[in-house]
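K.L.:
So you can see what is in the structure, the chains are spelled out below.
Protein chains: 2
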Amino acid sequence: MTTKNLLVGQSGGPTAAINATLAGVISQAQISDKIGTVYGALNGIEGVMKETFVNLTESISNTEILHSLCQTPSAALGSCRYKLKDHNVCEEEYEKIVAIFRKYNIGYFVYIGGNDSMDTVMKLNQYFIRHQIHDIFIMGAPKTIDNDLMGTDHCPGFGSAAKYIAATFTELVCDTNAYMQKSVTIIEIMGRNAGWLTASSALARVNGGKGPDLIYLCERPFSCDQFLQDVRSKLEHQSSVLVAVSEGIHDENGVYISEQSQPGQTDNFGHKYIAGAARCLEELVRKKIRCKVRSIELNLMQRAAAHIASNTDLIESQMLGSKAVAAMLEGRSGEMSAIRRLDTEHYQIEFCSVPIEQIANQEKKVPLSWINEAGNDITPELMNYLLPLIQGEATVRYNNGIPIHLKL
Amino acid sequence: MTTKNLLVGQSGGPTAAINATLAGVISQAQISDKIGTVYGALNGIEGVMKETFVNLTESISNTEILHSLCQTPSAALGSCRYKLKDHNVCEEEYEKIVAIFRKYNIGYFVYIGGNDSMDTVMKLNQYFIRHQIHDIFIMGAPKTIDNDLMGTDHCPGFGSAAKYIAATFTELVCDTNAYMQKSVTIIEIMGRNAGWLTASSALARVNGGKGPDLIYLCERPFSCDQFLQDVRSKLEHQSSVLVAVSEGIHDENGVYISEQSQPGQTDNFGHKYIAGAARCLEELVRKKIRCKVRSIELNLMQRAAAHIASNTDLIESQMLGSKAVAAMLEGRSGEMSAIRRLDTEHYQIEFCSVPIEQIANQEKKVPLSWINEAGNDITPELMNYLLPLIQGEATVRYNNGIPIHLKL
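Residue numbers (the working numbering), protein chains in the order written: chain A, 377 to 784; chain B, 377 to 784.
Extracted from the complex, chain A is given alone in its bound form (with noise of 0.2 angstroms):
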């Protein structure tokens, strides 16, 4: 049997659960004749290019060191923002990473990463097809907190960004309840256009707590005076009053909270730079309200805690990277490895893979019907839907009382 080695790459921010996959990528590999050795690219396509190159079979080469690979956050390989150009426009970088996988004796390619990285694989697959290359499959497998990949029931890294704000909004209500004094405090969770973390917020309420008191999702257009009046009607019959609300939270023009203190920038994809709602929002009840007030952002806390990382979400973000690496033995290229959500009582999942050109550059929101009337919290049916991913502890391991993580 001939041997073709495996390529594999993490891009765009980071997560709690991607090295997870990368782990399922590499233990998927290792068990398959077909392939020979697994190669990681430092800073995902970027890297490719670059023949930047980790020999992933001899770095991961026990047991140990990939369970520290699954419980250290952010990307091992480290990320990248890195968009193809157009292959209709220039093929320039194509051919190059086409001979670059010729030298390596690339047949496997696994990309991780979300709606920008599948734009990679969309474009790399589709000229791999103009140019009739047939031995090099090429996956993509998910990962982002955002939760907004279309083509996935959820998405790898989401449950435990979820499961850590919903733990931290449980601490936060201990913390915000402890005194009588009347006061507002607004938690910003990222999110620029889905607000799929933003409604994990309410999952502090399972337990009979307090939870949030209001939940504003981006889906929903946002009005100051709304959530003026809002809060306070909470204030008059209690005294703490906790806000959840997405980045992204923007006017019916479309005209972001935060827009108006912050100058437009932009990323390598023309995403709006956005922060500073909840900042915003805290000087908007100073003017108005005038009561305590405090605004918090859960900032890269919230896709880096590893340390409190959902086991489902970690056992699941293992077998998508496994899972891309099996569709490629059994044939498939041009697609990204997925959850399908089973319609039964209990929560029950099967593994898929999905044509990629439909989920490349697309986003996934939460459906308006799952946003209450008010538009100020989640529905029943959401909840529903966000507490099986949350569920189970990892069992991290700890030295000198720090988690252990790995550096590649």
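Zero decoy hints are in this set.
Partial selection, computed: residues in chain B whose CB lies under 10 angstroms from chain A:
1) Pro449
2) Thr544
3) Gly584
4) His683
5) Ile766
6) Ile778
7) Pro779
Each computed SDA-like pair below joins lysine to any residue, with the alpha-carbon atoms no more than 25 angstroms apart:
8) Lys558/A to Lys783/B
9) Lys459/A to Cys667/B
10) Lys783/B to Gln557/A
11) Lys459/A to Lys558/B
12) Lys586/B to Ser437/A
13) Lys783/A to Gln767/B
14) Lys426/B to Glu612/A
15) Lys586/A to Lys783/B
16) Lys586/A to Asn438/B
17) Lys586/A to Asp753/A
Listed below are several chain B residues computed to face chain A (Cβ distance under 7 angstroms; list not exhaustive):
18) Pro390
19) Ser450
20) Gly454
21) Ala542
22) Ala543
23) Met556
24) Asn583
25) Ile672
26) Leu676
27) Glu769
28) Tyr774
29) Asn775
30) Gly777
Read the hints as simulated data drawn from the structure, not as lab findings.
Keep in mind that this is a model prediction, so the values were computed, not measured.
Where a beta carbon is used, it is the ideal one built from N, C-alpha and C, also for glycine.
For this one, chain A is given, so just place chain B on it according to the hints.
P.N.:
Positioned in the frame of chain A, the structure of chain B alone reads:
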């Protein structure tokens, strides 16, 4: 034997371990024949004066509930920031408190809190002495994430906050190093006048990880020019620079870095309200160095993150609660239970109690000799002091994927 009842209150800022101290008070009282009912005053000394008491002997009826109490962050009894008037000026409050103590047959009073709360213990004790009240014993039990109490080697709540900070830094190191792009991340840590918590960020290095690149404690005057020079120097050799700063960093004239941009608000104890040091430095880096820059406040999470509490901290916190009760049963009053670290090769402590006058209204800062010469890092001596305090992981119980918290 005549039994008297015990009253306990919590005061000051919440921590992840203050309820462990409460648990220690309750369990020690439960095993003494001299103590009848254990009452908890809601919202500290304010609850004493309002007679808002809960019967803890009834509420904490089994060890299961006691365990849940230990893993619940913030103050289960609620907190306050109330300062008793000087009894030389106004005795009214003191007379009221004593009358309520008599009404409930209180012979033992434990107040769990920081240096402001110990002011309450001291004043009450001085009033008791002046009025020859010898049948009500009063003790303080320490608590503060700031670790700034005199008379004790370290403070309950600090170790857990330090563990959260160290673990979070290891995760943020992974996250911020994922990209090749030059970037600066500035993390603001609680501590107005004492940099113990900020110093704890260095613990992220104990397993050989990178940890923070620069650490600025509030004990040393902060120079923006020196800061920029330090950051530039680091950026020459690495892509990502991680900076830890105390919220209370200030220049050599005592002017907080953030003071220009914020109006001077003060709390009930006359402390200046400050926040946003990291945010100011973010702007500075953006303007002067012009690279990608982000500021992060660990905010309330650093004092509320019970899910990653230090087991050493939880056990010691519980013991200090028990010690406060044990000391009263042995006839001591007007003191605070405390920890003495022995001069041994391995970490070893003993529990003692210290006259309250040595503690109230004072602050223990990081010795200047434990800060490096350049003023941008800590010394190995400080690392040795900190490391034992974050050891061990609490066995946190979860339900439905989130930690179980007790609501009294």
